[in-house]
Amino acid sequence: MDRREFIKWCSLLAVGSMLGGCRKLPFMGDAAKKDLPSLKMFEAEVRRAMSKPSHRMELVRVPMPGRLKTLGASLENRFGMAIDLDACDGCGKCILACIQENNIPLVTEDEAAKGRFMHWIEMRGGVPFMCAHCGNAPCERACPTGAANHTPDGLSAMMYKRCTGSRYCGANCPEHARKFNFNDAVQQGLSLKFNDKVPVRSKGVMEKCSLCLHRLQDDRLEVKTAGGVWRGRGVNTACAEACPKKAIVFGNWLDPDSPLVKVARRRDLYAPADLAGLDPSIVYMMGGK
Amino acid sequence: MVRILFIVFLCLLVPGLASMGYSLWQGPAAWSVDTGVFWGLPISLFVFWIGLAHAGTLISAIFLVLDVKMERRTSILAELATLCALVVAVIFPLMHLGVIQNFYMVAPYMESRGSMANVCSPLVWDFCCILAYGLLSVVYLVVHVLADKSAVAASIHRPLAWLLFPMVLWVHTIVSLDFAATFVPAWRGAFFPIYFIVGAVFSGLAMVNIMLCAEGYRMRQLEKLMLVGSWFLGAFLLWDFALKGNLSVTVLVFAVLLPQLMFVSAVRESTLGRVLVSSSIIVGLLLERVFLVFPSGVVGFGWVDLGLICFGFGLFGVIFLVARLKLSRVIEGEEVLMGEVEETVPKRPATGRFSYFAPLTTPEFRMLRFPLLLGIIACTLFLVWVVGCLEENGIAFSDANLVPLTCPIITTVAGIVLCLRPLVMHIGKVGGVVMVALAALLGVLAGMVYGGVTSVPSGAVVSSTGDMLDVGTLPDSTSTLDSVAIIRTKAVFEARCAGCHGADGRLNEKFVREYYPVPQNLDISRMDALGEDSLVNVILNGRTNMNPYAGRISPQMARGLVRYMRLLAETPAADNAARNEGGDE
Numbered sequence: 001m002d003r004r005e006f007i008k009w010c011s012l013l014a015v016g017s018m019l020g021g022c023r024k025l026p027f028m029g030d031a032a033k034k035d036l037p038s039l040k041m042f043e044a045e046v047r048r049a050m051s052k053p054s055h056r057m058e059l060v061r062v063p064m065p066g067r068l069k070t071l072g073a074s075l076e077n078r079f080g081m082a083i084d085l086d087a088c089d090g091c092g093k094c095i096l097a098c099i100q101e102n103n104i105p106l107v108t109e110d111e112a113a114k115g116r117f118m119h120w121i122e123m124r125g126g127v128p129f130m131c132a133h134c135g136n137a138p139c140e141r142a143c144p145t146g147a148a149n150h151t152p153d154g155l156s157a158m159m160y161k162r163c164t165g166s167r168y169c170g171a172n173c174p175e176h177a178r179k180f181n182f183n184d185a186v187q188q189g190l191s192l193k194f195n196d197k198v199p200v201r202s203k204g205v206m207e208k209c210s211l212c213l214h215r216l217q218d219d220r221l222e223v224k225t226a227g228g229v230w231r232g233r234g235v236n237t238a239c240a241e242a243c244p245k246k247a248i249v250f251g252n253w254l255d256p257d258s259p260l261v262k263v264a265r266r267r268d269l270y271a272p273a274d275l276a277g278l279d280p281s282i283v284y285m286m287g288g289k
Numbered sequence: 290m291v292r293i294l295f296i297v298f299l300c301l302l303v304p305g306l307a308s309m310g311y312s313l314w315q316g317p318a319a320w321s322v323d324t325g326v327f328w329g330l331p332i333s334l335f336v337f338w339i340g341l342a343h344a345g346t347l348i349s350a351i352f353l354v355l356d357v358k359m360e361r362r363t364s365i366l367a368e369l370a371t372l373c374a375l376v377v378a379v380i381f382p383l384m385h386l387g388v389i390q391n392f393y394m395v396a397p398y399m400e401s402r403g404s405m406a407n408v409c410s411p412l413v414w415d416f417c418c419i420l421a422y423g424l425l426s427v428v429y430l431v432v433h434v435l436a437d438k439s440a441v442a443a444s445i446h447r448p449l450a451w452l453l454f455p456m457v458l459w460v461h462t463i464v465s466l467d468f469a470a471t472f473v474p475a476w477r478g479a480f481f482p483i484y485f486i487v488g489a490v491f492s493g494l495a496m497v498n499i500m501l502c503a504e505g506y507r508m509r510q511l512e513k514l515m516l517v518g519s520w521f522l523g524a525f526l527l528w529d530f531a532l533k534g535n536l537s538v539t540v541l542v543f544a545v546l547l548p549q550l551m552f553v554s555a556v557r558e559s560t561l562g563r564v565l566v567s568s569s570i571i572v573g574l575l576l577e578r579v580f581l582v583f584p585s586g587v588v589g590f591g592w593v594d595l596g597l598i599c600f601g602f603g604l605f606g607v608i609f610l611v612a613r614l615k616l617s618r619v620i621e622g623e624e625v626l627m628g629e630v631e632e633t634v635p636k637r638p639a640t641g642r643f644s645y646f647a648p649l650t651t652p653e654f655r656m657l658r659f660p661l662l663l664g665i666i667a668c669t670l671f672l673v674w675v676v677g678c679l680e681e682n683g684i685a686f687s688d689a690n691l692v693p694l695t696c697p698i699i700t701t702v703a704g705i706v707l708c709l710r711p712l713v714m715h716i717g718k719v720g721g722v723v724m725v726a727l728a729a730l731l732g733v734l735a736g737m738v739y740g741g742v743t744s745v746p747s748g749a750v751v752s753s754t755g756d757m758l759d760v761g762t763l764p765d766s767t768s769t770l771d772s773v774a775i776i777r778t779k780a781v782f783e784a785r786c787a788g789c790h791g792a793d794g795r796l797n798e799k800f801v802r803e804y805y806p807v808p809q810n811l812d813i814s815r816m817d818a819l820g821e822d823s824l825v826n827v828i829l830n831g832r833t834n835m836n837p838y839a840g841r842i843s844p845q846m847a848r849g850l851v852r853y854m855r856l857l858a859e860t861p862a863a864d865n866a867a868r869n870e871g872g873d874e
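Residue numbers (my numbering), protein chains in the order written: chain A, 1 to 289; chain B, 290 to 874.
I should point out that these hints are in silico values taken from the structure, not numbers from a laboratory. Idealized CB from N, CA, C, for every residue including glycine. Possibly wrong hints are sitting among the right ones.
Within a straight-line C-alpha distance of at most 30 angstroms, the following computed BS3-like cross-link-like pairs (lysine-lysine) qualify [to be verified]:
hint, chain 1, residue 1, chain 2, residue 2
1, B, K533, A, K114
2, A, K52, B, K358
3, B, K615, B, K718
4, B, K358, B, K615
5, A, K52, A, K93
6, A, K161, A, K114
Reference listing, derived: stretches of chain A covered by chain B, where coverage requires no fewer than 3 residues with Cβ under 8 angstroms from a Cβ of chain B [to be verified]:
hint, region
7, 80 to 86
8, 93 to 102
9, 113 to 120
10, 210 to 224
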C-alpha cells in the first residue's frame, strides 16, 4: 500500500466514523426495534388464548376472607375481589381491559404455540382466573430474594427490580397464576404502553395480577396527603370496570361498607380446591342469593 | 490416550459453548422449560453435576474418617473430580436465572436498602450450602496435597474430613428440599433427601470407576459399592412408583438393571465392560434428573438442550484433564498416567493398633472443638441478626426455616479457623499482614453494602423556616417564593417525590441505589439551567426515568413543587441535617 492509498483509506475511515457519530439513533436499540403492535393484535391474542382448551377448576366452599394472619398486617384493609359465576358468561373483556391497564405484552409465535401467554387473567373452562392474592401465599415463601412479598393491605406484590428470575415462585403456585417474561417485549416490539402509570416489565422477571396496585397507591397517596384513614373506597380494578355483567366486584374485605362485603355476605363463596387452604383474597360467588 | 480424550472433550465443549452462548443471550426461552413449573434442563444438570461432585468427598473424606484405607491416587483423583464437577455445577443455576446479574440478591445479607433475602426459601439455603461446600472442598484438596510434605497440613487433614462428612450429606439434602419443599405433586415426598443422596453417591461412584478405568487400575471395593448403590436406587424408584404411580422404565433399565451385569465375570473383568456399565449408570441418572425436573413431560427438547449437556461434559473433561496433568507429580505413580498397566490390588496396611478413645477425647475432636465453638457462636450471632431483620420487616417465618443455614455457616467458620494456624505458619509474617489487610478490606466493603451511604431518610421533616409552615395558600403564578413554600406542597413532595428524591431533595440513596437509575440531583445550578417551565413539564410528562404525573398532580401543584425544590436546593445540606435532629416535634 503506497502513501496515497494509505491517506485515502485513513480519510475515508475518519469520514465514515464521523458520519457514524452524527447518527441520531444508536446502532442497536431503537433502530432494531420493530413496529409497535396494534390493539387488534392484542384482541386477536386474547381470542387465541381463550380458544385454548382448558379444564374447569374444581371449586370448593370457603368462608369469607378475614383479617390477614401475617405479621404487621393492616387492621383496616384487605383488598380482594369476588367473581359472580352466575353472572359471568366468559366473554373475556376483562382480559383485554387488564392488558390495556397493565401494559401486558404480546408473546411471540413460538410462545403462543406453547400456550405461554402473558395475560394476567385467563379463562379456565370459561371462568376468569387470576392470582388469588393468597393470605398464606406459597409463592412468597419460595421466593429467594424477597421480590415476591405481601403488602400489609393483603396484596401479593412483586418488586420487579429485586426479581432474579429463578421462577421458583412459578413452580410453587398450585394454580400456576404467575407469568414469566421470556422475551424483551419492548425490544421485540411486543409491547404497547397503554398506561403510563405502570412500568413495562423487563426480560427475565416474573409477573402476575397486581390487583391494580397503582390505582390503590394513587388513591392512598391522595388520602394520606389530605390526612385521614384510607379504606380504598372508590377504587376499582380495570377488569371490574370492564365487565359488562358487573360480575367482578372489587373491594375491601375488612370494610363493612365496601360493595364487595355487601354483595359477598349474601352469597356462597368458592375458591379453587388447591388454593382454598391458602386463604385466597379473590373468591368466586355462586348461588345463595 | 490423554490427547485423544482431550480432543473428545474439546469436541463436546466447543459446540456446547455455542449453545451456552445462545442460551445466555436468549435467556430461558432458549432451552425447553416445563410448562407447569417453569424449570428446565439447567436444573437437571445442576442436580446431576452436584451429585457427581459428592463422590469425591465421599471417597476421600468419609472413607478417611471411617478408617477405610485407600490409595492416595484414588482419593486425590476423586477430590479433583469433585472440584471440577462443582465448577460445572454452579454454572447451571446461574444461567437458569432470568436476570443473571441479580444473583447476589440470593445471599442472605441485608443490602443498604434494607431488603433481606428470604431465608425461608430453599434456594437461599442452596446458595449458602454450595458456597460453603465449594470453599471447603478447595481447602480439603489443598490440605490433602500438602499433607505429604507438611506435618501441620497432615495434622488437620482428618479434622477437616470430619467437617466435610456432615456437610456433604447436608448439601444434598438441601438440594432435594428445592424440590420436596414445593407444592408440585410430583416433587413431594419425605424420602427425597435420602433418595437424592443415594442417587448422588451412586452416580459419583460410577464416575470415579470410569476414571479409574482410564487410569488403568481398579478398586473392587468401589465397584461393589456401586452395585449396592444400584439396589438402593431401585428400592427408591419402586417407592416413588408405589407412592405416585410414575415409573421411568429407561431409568430403571440404565441405572438399576444394567449394573447387575457386574455379576457376570466377563463384564466385570474387562475394562470396556466396566466403562460401559458405569456409563450406563451415568446416563440413567442424568435421565432420572431430567424426568424429575419435567413433571408434565419433556417437550421441545432441542439442539440447545443437547448442547448444554455436551457443554457440561466437555467443560468437566477439559478442566479435569488439565488439572490432572498439573497434579500428576503429587498423585502417586505418575508414570502410569492414563495407560494400561496390570491391575494393582489396593494396599491393605495392617490395621495396627486399635486405640480406644473415650467419647469427646479423640485427637480430631481436640483440634476441632475450638473452631467448632467459634463456628457455633458465629452461627448464633448470624441467626439472631437474621431473626431481628425478619421481624423488623414483618416477614413471617418459622424457626425451622433457619435450621438449614446452620451447617454451612458453622462448617465454613470452623474450617477457616482450623486452617488459620497452619496457614500463618506456612506463609509467614508478611503474608499474614497482607491477609489481615485483605480481610479488613473485605469487612469494610461488606459494611458499606450493609450501611449504604448516609442520606436523609424520606420520612424526615424538612422545613427551612418556621413561618413556612404557617402559610396555607396554594401556589399561584406569581414568582415570589414566600407564598409558594407551604405545607401542602411539602406534603405532596413528601408523599410523591421523597421516595426517590429524598425529603431534602438530595436523593433517598437507600432506596435509589438498588432499584433505580440514580435520579437527577436537584441542585441550584441545574434548576437555573432548566428553568421553571421546563421542570414543570418534566414533572407532568416525565423524562428518561421520571414517571409522568399529569392527571395525578395539577399543573399548578407541579409549579409549586418546582419552587419547593428550589427552596430545598438553596438550603445548605448541613442546615437541613441539623434541623432534622430536632425537627421532629
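Handout entry: Restraint check for A/K161 with A/K114, where alpha carbons must lie at most 30 angstroms apart
Key = holds (27 angstroms)
Handout entry: Cβ contact check, 8 angstroms cutoff: the region 93 to 102 of chain A against chain B, three residues minimum
Key = Since 0 is below three, the answer is violated.
Practice task
For the pair supplied as a hint, B/K358 and B/K615, confirm whether the alpha-carbon distance does not exceed 30 angstroms.
Solution key: holds (25 angstroms)
Problem - 8 angstroms C-beta test of the region 113 to 120 of chain A against chain B, three or more residues - result: holds (count 3)
Handout entry: B/K615 paired with B/K718 [C-alpha distance capped at 30 angstroms]
Key = holds (29 angstroms)
Practice task
Assess, step by step, whether the Cα of B/K533 is no farther than 30 angstroms from the Cα of A/K114, and give holds or violated.
Solution key: Status holds; Cα separation ~26 angstroms.
Handout entry: Residues of the region 80 to 86 of chain A with Cβ under 8 angstroms from chain B, three needed, outcome
Key = Answer violated; 0 residues pass the 8 angstroms Cβ test.
Problem - Per-stretch coverage check for the region 210 to 224 of chain A, three Cβ contacts closer than 8 angstroms to chain B - result: Since 3 is at least three, the answer is holds.
Handout entry: Pairwise hint evaluation, A/K93 against A/K52, where the allowed Cα distance is 30 angstroms at most
Key = holds (16 angstroms)
Handout entry: Proposed proximity, B/K358 with A/K52 (alpha carbon, max 30 angstroms)
Key = violated (63 angstroms)
Figure legend: structure checked against the earlier numbered hints; hints not met, in rising order: 2, 7 and 8.
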